[in-house]
Amino acid sequence: MEFPGIVIYWIIVALMMAGLYIVIAQNNLVKKIVGLNVFQVSVFLLYITMGKVSGGTAPILTDGTQLYSNPLPHVLILTAIVVGVATTSLGLALIVRINEAYGTIEDDEILEQESDS
Amino acid sequence: MIEAQLPVLQILIPLLAAPICIFLRHPVATWALATGVSWVCLAIAITLLQQVLASGEIIYEIGGWAAPWGIEYRIDLLGAWVLVIVTAIGAVVMPYAKLSAEKEIDRDRLYIFYAMMLLCETGLLGITVTGDAFNLFVFLEISSLSTYVLISMGSDRRGLTAAYRYLIMGTIGATFYIIGVGLMYMMTGSLNIADLARLVPEVSQTRTIEAALAFLTVGLAIKLALFPLHFWLPNAYAFAPSVVTVFLAATATKVAVYAFVRIIFTVFGAINILHDVAIHDVLATLAICAMLAGSAVAIYQDNIKRMLAYSSLAQIGYMILGLSLNSDAGVSAGLVHLFNHAMMKGALFMVMGCVVYKIGSAKLQDMAGLGKRMPLTMAAFVLAGLSLIGVPLTVGFVSKWALIQAVLEKDGWWPIAGLIVISSLMAVIYVWRVVEVAYFQTPANGNLEKDEAPMSMVLPMYVLVGASIYFGIDGTTALEIAGDAARALAGGHE
Numbered sequence: 001m002e003f004p005g006i007v008i009y010w011i012i013v014a015l016m017m018a019g020l021y022i023v024i025a026q027n028n029l030v031k032k033i034v035g036l037n038v039f040q041v042s043v044f045l046l047y048i049t050m051g052k053v054s055g056g057t058a059p060i061l062t063d064g065t066q067l068y069s070n071p072l073p074h075v076l077i078l079t080a081i082v083v084g085v086a087t088t089s090l091g092l093a094l095i096v097r098i099n100e101a102y103g104t105i106e107d108d109e110i111l112e113q114e115s116d117s
Numbered sequence: 001m002i003e004a005q006l007p008v009l010q011i012l013i014p015l016l017a018a019p020i021c022i023f024l025r026h027p028v029a030t031w032a033l034a035t036g037v038s039w040v041c042l043a044i045a046i047t048l049l050q051q052v053l054a055s056g057e058i059i060y061e062i063g064g065w066a067a068p069w070g071i072e073y074r075i076d077l078l079g080a081w082v083l084v085i086v087t088a089i090g091a092v093v094m095p096y097a098k099l100s101a102e103k104e105i106d107r108d109r110l111y112i113f114y115a116m117m118l119l120c121e122t123g124l125l126g127i128t129v130t131g132d133a134f135n136l137f138v139f140l141e142i143s144s145l146s147t148y149v150l151i152s153m154g155s156d157r158r159g160l161t162a163a164y165r166y167l168i169m170g171t172i173g174a175t176f177y178i179i180g181v182g183l184m185y186m187m188t189g190s191l192n193i194a195d196l197a198r199l200v201p202e203v204s205q206t207r208t209i210e211a212a213l214a215f216l217t218v219g220l221a222i223k224l225a226l227f228p229l230h231f232w233l234p235n236a237y238a239f240a241p242s243v244v245t246v247f248l249a250a251t252a253t254k255v256a257v258y259a260f261v262r263i264i265f266t267v268f269g270a271i272n273i274l275h276d277v278a279i280h281d282v283l284a285t286l287a288i289c290a291m292l293a294g295s296a297v298a299i300y301q302d303n304i305k306r307m308l309a310y311s312s313l314a315q316i317g318y319m320i321l322g323l324s325l326n327s328d329a330g331v332s333a334g335l336v337h338l339f340n341h342a343m344m345k346g347a348l349f350m351v352m353g354c355v356v357y358k359i360g361s362a363k364l365q366d367m368a369g370l371g372k373r374m375p376l377t378m379a380a381f382v383l384a385g386l387s388l389i390g391v392p393l394t395v396g397f398v399s400k401w402a403l404i405q406a407v408l409e410k411d412g413w414w415p416i417a418g419l420i421v422i423s424s425l426m427a428v429i430y431v432w433r434v435v436e437v438a439y440f441q442t443p444a445n446g447n448l449e450k451d452e453a454p455m456s457m458v459l460p461m462y463v464l465v466g467a468s469i470y471f472g473i474d475g476t477t478a479l480e481i482a483g484d485a486a487r488a489l490a491g492g493h494e
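Residue numbers (my numbering), protein chains in the order written: chain A, 1 to 117; chain B, 1 to 494.
Careful: at least some of the hints might be erroneous.
Heads up, incomplete: computed chain B residues facing chain A, CB under 10 Å, no partners named [to be verified]:
1. Phe134
2. Phe176
3. Asn235
Hints listed in this document are in silico derivations from the structure and should not be mistaken for laboratory results.
Remember, predicted model here, so these are calculated numbers, not experimental data.
For every residue, glycine included, the Cβ atom is placed at its ideal position computed from N, Cα and C.
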């Protein structure tokens with residue numbers, strides 16, 4: 001395959017790695033959730049991209065079009081978005097509780113308190 | 001006609017019961033509902049197993065839409081068997097849950113606890129019955145999200161951070177899994193597992209499918225806590241409410257192993273992926289590291305729930321080692337261990353639930369004199385502990401024997417049999433530490449008065465202990481089913 005190949009895949013991989021890096025490197029629990037969201041969204045883009053059929057239109061029945069993009073990946077990603085929202089809200093709810101219990105949302109300070117107790 | 005609908009009822013009944021719990025709110029009423037539902041689920045699972053044994057694989061098309069366009073539920077022998085394991089644990093845990101949960105969870109949040117238990121069971125059962133790779137992801141997330149909530153309900157604040165860390169790891173794992181499914185869809189245009197098994201071999205030499213396999217393996221390895229992706233597990237098990245730990249330890253990782261088997265042996269079965277790619281050696285190496293590291297770290301734990309969690313990591317190592325052997329004997333040993341470990345680890349965590357109920361601590365030093373104070377509970381610990389070690393006449397022996405035999409079948413693999421024995425000897429050490437403190441030390445305050453846990457907790461515990469002895473003496477039923485399931489899986493690449 002010639003370089004650079006399909007450009008959108010490069011964008012997706014860059015987003016994916018950026019998201020994963022934020023999850024690993026950030027100390028703040030909320031920022032970790034943000035990173036997780038970036039990571040998940042890159043996967044949504046991956047799915048939506050692969051549904052595109054070159055030359056195809058949106059998958060809506062109209063006169064005069066023969067070629068449609070594949071709607072199935074879009075539907076799958078609707079489900080995945082719902083899962084993503086549920087995960088994010090649960091994660092944020094846990095952060096609120098963690099903040100109540102520890103008085104901080106910085107990972108290193110939490111670890112310090114846990115090693116003391 | 002109802003028989004034909006059983007595969008979907010298996011999922012729908014607990015799924016619908018969960019929101020009803022939210023409406024009922026009354027702690028005892030929700031408990032009664034959850035218990036009833038868990039028993040109905042067990043009855044359905046046993047009926048399904050009988051149907052599968054009598055007439056082979058069951059295929060159920062959701063809404064009458066034929067696969068690969070519709071979602072189908074597909075229950076083969078392995079699936080039916082995992083259903084029975086999960087529902088049986090659910091049915092034993094629910095009666096036990098009442099007192100234990102009342103003690104450890106706020107009374108006004110109990111209804112959420114039962115709703116989440118039911119949702120978690122729904123997710124686990126869904127993973128087992130579904131024949132669709134994307135549907136599997138949805139059920140995986142249903143079970144995971146409810147698990148995060150369950151873990152955070154513990155009275156210890158460390159439960160919150162354990163739940164948060166598991167949420168991060170679990171979401172990364174599940175997302176890796178959908179990346180893998182997406183890449184397979186890209187090459188084959190199908191999400192149906194049986195259909196994928198047919199289509200993947202044609203394109204198996206492409207980089208896309210190789211990347212898909214890598215993502216699927218890593219994603220599921222996080223979910224099943226394979227060394228070195230296990231960091232979420234010990235704290236999650238140690239600080240979750242005791243009942244939750246019993247249920248998760250006995251079912252959640254088992255179902256993740258099942259999903260892994262589905263991907264590796266069903267989807268990639270026809271190209272015999274374990275043989276062609278180095279994944280075989282990688283899995284075996286990681287499994288052995290898990291066996292040794294898990295057992296070794298378990299020896300140094302003061303919190304006994306945490307100790308048992310590390311022991312679980314070692315046991316997962318045994319299962320994955322069996323699977324990575326990629327022979328009928330190896331796979332069936334791994335699957336038998338899946339069943340056996342569910343019983344013994346369930347029983348052991350139930351013991352800890354009783355201990356926490358009575359003395360409010362899972363620390364080793366607080367357990368002094370418990371052999372006299374809670375004789376029934378500690379006797380159960382000894383029996384289940386013997387099974388964990390692998391003493392003859394217990395289930396632990398059956399599966400370890402099968403595993404060692406399978407290892408010896410492979411040329412040049414005999415040193416691994418030695419490592420299995422070493423890991424078992426380490427289990428002797430960590431089980432003995434507890435026995436020694438409980439039976440041969442007197443507590444600082446000299447209190448040796450008998451103070452047994454309530455019968456509603458002791459009885460379910462002894463059901464599991466009894467089962468682990470019964471199947472240890474008569475291991476043939478489980479071995480036969482696992483053997484048949486392993487041969488059916490291997491059928492893909494012959």
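Results for each hint:
no., hint, result
1, Phe134, "holds, 6 Å"
2, Phe176, "holds, 9 Å"
3, Asn235, "holds, 9 Å"
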